[in-house]
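Enquirer: Below are the chains, spelled out letter by letter.
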Amino acid sequence: MEITINIDDPNPLFAQLIEQIKQAVLNGDCSPGDALPSIRQLANDLDLNSKTVAKAYRLLERDSVIQTRGYRGTFIHPDAKANCTVDLNAWVTNKLTETIAAFRQAGVTDSEIRIAFGNVMNERGNQGA
Amino acid sequence: MTWSSMLFYIIFAGQIFLMSYYIPRQLLRRMDCIHKKYPRSEYPKLYPKSKEYYTIAHWLFKNVYRGILVLGVIIFILLMTVVDHSTFADDGFISEFWPMLYGLIQFAPLLILEFSGYSQFKLMRQLNTSKTRKAELRPRRLFDFISPWLFWAAVLILLAEIVFDFYIHGFVVEWNHDTVQRTIVITVTNLFIWAVGAWNLYGLKQDPHQAMEDRNRQMKLQLTTMFYASILLSLFMMTQAADSAFDLDFLDAPLLSLYFQIIAYFSVGYLIRNVRLEDINFDVYKADAPMT
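Going down the list, the sequences are from chains A and B.
Heads up: the first sequence at position 97 corresponds to 97 in my numbering, and the numbers run straight through without jumps.
Heads up: the second sequence at position 258 corresponds to 258 in my numbering, and the numbers run straight through without jumps.
Calculated from the structure, these hints are not laboratory results.
For glycine and all other residues, C-beta sits at the position ideal for the given N, C-alpha and C.
Misleading hints may appear alongside valid ones.
Unchecked claim - With a cut-off of at most 25 Å between alpha-carbon atoms, the simulated DSS-like pairs for lysine-lysine come out as follows:
1) B/Lys205 to A/Lys51
2) A/Lys51 to B/Lys131
3) B/Lys49 to B/Lys37
4) A/Lys55 to B/Lys134
What the hints assert, rightly or not - Just so you have them, the derived chain A footprint on chain B, three or more residues with Cβ under 8 Å:
5) 133-139
6) 252-258
What the hints assert, rightly or not - So the derived label-pair ranges between C-beta atoms look like this:
7) B/Arg125 to A/Gly33: 48 to 56 Å
8) A/Thr4 to B/Val180: 33 to 41 Å
9) B/Phe192 to A/Glu19: 47 to 55 Å
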């Protein structure tokens, strides 16, 4: 099974990697339990920064499409096929759309929403740091 | 002439023939064949440097080995006729200095060729304008490329050599003792061999155009030759340890000469025999070839 990335594609490289690995799972090219290449190997083969591959792997692990088993490596998650169809970005967009609609209905202006959103994100960011 | 000298001359003649004539000739034939069958006009990606560069490199390689062959014959004749061996070795036997010196001279152009290959691959990567990149979505593991038997044989023979060396020298641990020095040399060399192996396995793809099947085949051959080299080094060190423990010093020079030949045969010779040009996908070097 091969993956191909295009460095001229407007999609970020890590997003292309995520998309291709999910596609491989959905097509049945990768089955649950199959081993994936290490971050270093994939980064070297694709001539990418290893941080890009690490980010893609981290997000795939968050979505339970892959799982890391310590020094043994990275494998396709047992529920990968089901989890591939869960689109967290679409879910976030839906939730925000619903919340913003509720704010607007209550009379909150867009400017106030932006400021409040920015404050909450900054606060979370500072807590994280 | 003693029988030990005669043994050395026979083996040393083999070293001259194999490494100064036979292997360079095979390599030159291969170069000529590639240039004829896969010319620059049709396979421009195969030649990142100018035409003159390859012409000069080819000429130099051919003539340097001619010179080395002549030098080998001269050394051979001088050793048989003029050289007073007692000035080079206290015991009066032919010193291992001669096959070592000549062996290093014989290997030098091969090393330069190897390093120039890396600089060419670097240029290939810099000139590569393709926007797409491909990779296999499966891990590369050592045992996908070499047999576990070969790996464990190399490890066990290495350990056996170290134990054998210490055993026959009464487990003497002193920095200036041959046993300790041999152990350090063999350990460092094996670590180097294994580091190069790991770099081959997980490192950057050197040739950006190379087809995946070719890369996998090449890795398999390179790793196999490396582990063979490790085994041969351990066996050679065992013979060196035995020589010094059992006063077999007369075998030092013939064994070193033989060792060089076996290393050359199992490394360069093995690659020449096992990588057939017909099996390599040269289409990837055509101007309009898609990215592999």
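Enquirer: Which numbered hints turn out to be false for this structure?
Expert: Per hint list: 6, 7, 8 and 9 violated.
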